[in-house]
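S.K.: Sequence:
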Amino acid sequence: MAYEFLDHTADLKIRATGKTLEEALVEAAKAVTEAIAGDSKIEAKIEKEFEVKIHLEHVLVHDFLQEIIYMFSTEKLLFSEFNVTLKEALGYKLTARLKGEKYDPKKHKLVKEVKAATYHELKVEKGDKGWAIEVICDT
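Numbering follows our numbering, in which position 56 of the sequence shown is assigned residue number 56; successive positions increment by one, without gaps.
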């Protein structure tokens with residue numbers, strides 16, 4: 001499991017990997033959080049839960065990350081713990097339980113404004129070693 005930031009001309013490009021799609025999704029969420037708040041210490045004070053029901057893997061990745069970006073944009077929530085369960089049956093049902101806290105300018109630094117996850121060059125691939133996600137986010 002890991003994530004890295006890839007070179008991109010203007011926006012943020014992330015590659016996240018995991019043995020399972022769930023692990024790759026968690027790594028992508030960690031990368032988005034680091035892009036927003038750097039290495040800020042984020043305490044697990046608040047818990048949020050949401051579901052994504054979708055038929056296509058790339059739409060699942062987009063909608064999952066978009067929900068995290070949306071919660072920061074609207075509620076100023078940053079997350080440090082990501083619990084993701086994924087069920088397959090006529091598509092995917094993702095249940096996410098996230099723990100974190102509200103952004104505090106005295107405690108957290110803002111590195112980038114991540115505006116949205118995009119479909120541009122979005123890749124979700126299963127290989128011999130597990131899953132890989134590549135996603136570009138507007139900044």
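A couple of the hints might just be wrong.
Here are the simulated lysine to aspartate or glutamate pairs, DMTMM-like style, with alpha carbons at most 25 Å apart [unchecked claim]:
| id | residue 1 | residue 2 |
| --- | --- | --- |
| 1 | K106 | E51 |
| 2 | K102 | E81 |
| 3 | K112 | D7 |
| 4 | K93 | E134 |
| 5 | K19 | E113 |
| 6 | K87 | D138 |
| 7 | K87 | D39 |
| 8 | K107 | E51 |
| 9 | K99 | E51 |
| 10 | K109 | E75 |
| 11 | K106 | E23 |
| 12 | K112 | E88 |
| 13 | K112 | E81 |
| 14 | K19 | E134 |
| 15 | K76 | E113 |
| 16 | K93 | E125 |
| 17 | K123 | E43 |
| 18 | K106 | E81 |
| 19 | K129 | D7 |
| 20 | K53 | D7 |
| 21 | K41 | E81 |
| 22 | K19 | E88 |
What follows is a list of derived Cβ distance ranges for each label pair [unchecked claim]:
| id | residue 1 | residue 2 | range |
| --- | --- | --- | --- |
| 23 | E125 | D104 | 22 to 28 Å |
| 24 | K129 | E75 | 18 to 24 Å |
| 25 | D39 | G91 | 20 to 26 Å |
| 26 | D11 | I46 | 24 to 30 Å |
| 27 | L110 | I54 | 26 to 32 Å |
| 28 | D11 | T85 | 36 to 42 Å |
Keep in mind the hints are simulated off the structure, nothing from the lab.
Quick reminder that beta carbons are idealized off the backbone N, C-alpha and C, glycines included.
S.K.: Could you work out which earlier hints the structure fails to respect and list their numbers in ascending sequence?
M.R.: 1, 5, 6, 7, 8, 11, 12, 17, 20, 23, 24, 25, 28
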